[in-house]
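*Asks:* Take a look at the letters that make up each chain.
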Amino acid sequence: MDEKASNEVNEKEIICVICPNSCRLRVSQDPKTKEINVEGHQCPRGKKYGISEYSNPVRVLITTMRVEKGKLPVIPVRSTEAIPKSLLIEAVKVVNDTHCLAPIKMGDILIDNILNTKISVIASRDIDVKS
Amino acid sequence: MENIDVVIIGGGPAGLAAALAAYEEGVSVAILERDHELGGILQQCIHNGFGLRYFKEELTGPEYAQRFINKIKESKIKVFLNTMVMQITSERVITTINPNNGVVHFKAKSIVLGMGCRERTRGAINIPGTRPAGIFPAGQAQRFINIEGYFPGKRVLILGSGDIDMIMARRCMVEGIKVVAVAEVLPYPSGLKRNQVQCLDDYGIPLYLRHTIIDIRGKERVEGVTIAAIDEKWRPIPGTEKTWDVDTILFSVGLIPENELSSNAGCKIANNGGPEVDEFLQTTVPGIFAAGNVLQVHDLVDFVTFEATRAGKNAAKYAKDELPIKDCQKSVIFAKPGSDVGYVVPERICGIKNSKDPYEIEFSFRVKNPRQNIIAEIISKGKIIYKRKQKFVLPSEMIHLKVKLNPVDVGEELTINIIEQDSAINVIEKEMLEGS
Amino acid sequence: MKSSNLYDIAIIGAGCVGSAIAQRLSKYDINIILIEKESDVSMGATKANSGIIHQGYFTTKGSLKEKLCLRGNDLIDEIGPKIGVEYERIGAIFCATNKIERETLESEFTKSQNRGVDVEIITDLNRIHVIEPQLNDNVITILHFPRAGIIIPFELTIALAEHAIINGCELKLEFEVGFIKRDTENDVFEIRSADGRKIKAKTIINAAGIYSDKIARMVGLEDFIIIPRRGEYILFDKDSLPLKKIIFPTPTPASKGIVISKTVHGNFFIGPNATEIDSKEGINTTSIGLNEIITGARKIIKNLPFKKNITNFAGIRASTHQHDFIVEESSIPQFINVAGIDSPGLSSSLAIAELVEQILKKNCGYTFIKREDYIPTRNKQILLSDLSEEELAKKIKENPQWGQIICRCEQVTEAEIVEACRGPIPVKNTDMIKRRLRPGMGRCQGGFCLPKVMKIISREQDMIMEQVTKTGGDSFIVFERTKHLNSEVIEKGDML
Ligand SMILES: Cc1cc2nc3c(=O)[nH]c(=O)nc-3n(C[C@H](O)[C@H](O)[C@H](O)COP(=O)(O)OP(=O)(O)OC[C@H]3O[C@@H](n4cnc5c(N)ncnc54)[C@H](O)[C@@H]3O)c2cc1C
Ligand SMILES: Cc1cc2nc3c(=O)[nH]c(=O)nc-3n(C[C@H](O)[C@H](O)[C@H](O)COP(=O)(O)OP(=O)(O)OC[C@H]3O[C@@H](n4cnc5c(N)ncnc54)[C@H](O)[C@@H]3O)c2cc1C
Ligand code: SF4
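Chains as they are written, first to last, in this note's numbering: chain A, 1 to 131; chain B, 132 to 567; chain C, 568 to 1063.
Keep in mind the hints are simulated off the structure, nothing from the lab.
Watch out, some of these pointers could steer you wrong.
[Claimed, not checked] Partial pick of chain A residues on the chain B-facing surface, computed with a CB cut under 8 Å:
#1 T64
#2 P76
#3 S124
Everything numeric in this text was worked out from a predicted model, so none of it was measured.
Positions of the beta carbon are idealized from the N, C-alpha and C atoms, including for glycine.
Build out the structure end to end from the sequences listed, making use of the hints.
*Replies:* This is the structure in structure tokens:
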């Protein structure tokens, strides 16, 4: 349903998820001025969302990382900020190839500057050493 | 027997918030948790989207829990892990078992129930077919992937489009498990739009509404699944079948409050599966309070925290003999679900009859159907005594009404209705209209 | 004790019938082997049936079914307590809602009296509803059999098999008999599995349920065929309907009809229907079948608590054209058929074993001598629910695993699971645990305890998590780890 290309090559339909209204936004870019045009929103927040979702959709990276000597075998991790959507799967691979050593505290940086995004991957919780 | 002012059953977000709130009232508090750690179900909900209301920032489930756990660690609240509560009596004697200490009893002045809920199961929806391995409740698959670190499968069909299902669909895709489709019996997705967009659409997972599983193949492990569209009587429509080779089926058909302990203690259980409570969140057994999913299944943990904070505070007051209404059986007014309302919490209001001033009550409830441009109204003695307009209501989003009612307006019972109004309103923010 | 894989008696099929025979014969100083293709005993018809100990009602006069059912009903009092099996004689009632049905019940009443069975016919509506308050108001007459009862079929079968094993019977699981060679020179049978393993025995008892015709054919016998007839069920949560009796409609010539009954563990079920099917593996449930049983049940009782429904399942009856049990030495010497054991086969199983013993003595030349070291009883495994608080406290002190609850719905501790793993039949998959201790059989169907049960099995049986199955074979539960360490050491289930 999303990103359905319509007649105009660069128009996208995006559902606004900011509030339950779920407006269907039609977002397009003027080929000359590069200006992004949003239609179908009912409020300014929707316009802002439409522009960012069109030009650079981002998502928070959520996965787990293997822990050595931990009370649990894996630890939940996340990126400190949302990263470009297109990098998500690549980033998960990087996390899968990494492991960390218990004890770990919530917020510990486990991977710095993942895929040169200047964004880190941090621990979502504490994990103690396996007794 | 250990004597403690307030004992909290369950160390999930409800238990943690209730414990901290009670502790702030200056009483002794203990948390009894059967798992090896605190945090409850949040420890497996590793996605983000928690805490926007309570912390005003977006956290993952474990982060939300950890913040509370850290506060508990700084306090003098006693935490008993690996401690299963086996029984609670109406005199508030609690029997527990624990591998290190054996059978231990606690005597509490008041109790907060925070046992959470469990998932309904496959049989609960009567899916025909054989019973091979590879059919998991969504929450169990979530546990395998996020906590145990194992793949429960490699190709999956998901039945149900609640938030847990959609979030699991995304978790699967991120970890390299192919989700072939999500099937939902209702004509609309039962979770939030945001999750539909970010969990299904983002990954190109098709959503089949008004569809159900009609066949599961495979003797030892699931090998395939067939779904079909259903008619208005929920019968499969021939010719609409779609079949996939999959090794796994995840399903979720809702959560049920975990209330064996409560009903054995004598608490009356309401129709939604949780104990019947009054405006102090006190059950029908004096001194036993309830909050979180054990009371009503919440969609946002932030509201669990708010609710449990009230329950913890009231339990502490009860322990100190400061609760304005001690006998929850007297001068009760009943709150009833009216048109299009599934259930109402609290079901009983004890303090309003004897109150001289306008009386504040916090109701929460769910609608039965998604609707637009509605009015939520409270009726008593045949008159509308409160109403509020709202642009959208969804069964997946709990509605909270904080109201001030005039005692003279209220009869023996009051009813909450949801009615559709014709004129569209362009206001998004919730709006309050006093009186009628 | 045994020489070169040669047994006196090989019993093929470890359902309630094969296991009852093994239990009966294990008293004697002979070598017996019980052979089963599945990963546990009780996986055929015995796994999924109504679990009712019938009282000979609605059987044909003079049939084996009549005789063995009545005898089996009595024998349970003798054997049940010795091997630690629970059953309850809650009584069965048949309900008539019109005149024709009433006449059917009246004639069965007379027949049952002639059999010397305890029976009562009741037409007083008040009494009917005192006896079973859940009945619909349109029930006008009931036929009451007070000595009918309920039992958990796999509990009985596990107990029988374990008692046999304690007394020296060998149990061979995951051995699917694919071929039988008769060595007439040495008077022995060579029994071969599909993958080439061999067992030799002087006598074969064919108790292979729906496949008993296939086994018979392996030695050239073609005198009966098994017609699979499926019965489907819906199971409801504990205490969701306070039933007092096993409730039947008035039977038709085709079937006993949809039963509504509680189980020994306090759940209750409705079912079975009866559908002839093509495949002997057709243990799936169907929408049509489930609707059929719901409709059937609604005719007799008032309130079906649909929200409390926890699972559905199906079983297959091994019916024949003869419509009676076949328990006899076949035309091949030393080859005994125990076939066509459909309902009331469970009720009859102990009597079938007694009859087989007689056949072995009379026709097959066995003069049985009782073993000197015979252990007459089998103790039921101690469960948490059997213990008082003081006893439990003591147990936890001795073994902290008693204080670790694994299944929260059914309150099963780690100690119980460990003990089940180490029992006479080693437990290697999660369904086996479920059948022995019933974790996961309750409300959450294993939702929370499954990973923990898997960890305990993997630790006890020295397997990795990926090897633990649901029901043996390839029924694996998890595949691989989501995240690997570079130098992965196999950690068994990362014990907590
Ligand atoms: C599978 C699943 C997924 C969910 N996903 C989301 C989500 O993505 N986002 C969201 O906002 N909400 C989600 N929820 C809802 C979420 O559970 C609630 O918001 C919140 O966690 C409920 O908190 P609670 O403390 O009431 O219950 P829980 O978190 O369930 O905590 C209950 C605690 O009580 C303990 N307990 C229970 N019985 C006993 C006993 N007899 N003795 C001792 N201890 C006991 C349990 O071990 C547990 O730790 C999900 C719920 C489930 C079941
Ligand atoms: C729906 C239904 C309801 C019923 N209700 C009742 C009731 O209420 N009361 C009652 O008394 N009876 C009832 N019955 C009948 C009862 O269940 C059966 O008569 C009884 O279980 C038969 O036991 P069995 O040991 O002969 O067969 P099974 O339990 O089928 O055992 C046969 C065993 O042989 C094994 N086997 C097959 N082929 C091979 C091979 N090649 N190699 C090795 N092993 C093999 C199978 O795996 C199986 O374990 C019911 C039956 C059904 C289907
Ligand atoms: S555009 Fe505005 S009104 Fe429409 S969904 Fe987005 S936030 Fe809501």
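*Asks:* For this structure, which hints from the list above don't hold up?
*Replies:* Checked against the structure, no hint fails, so every one of them is satisfied.
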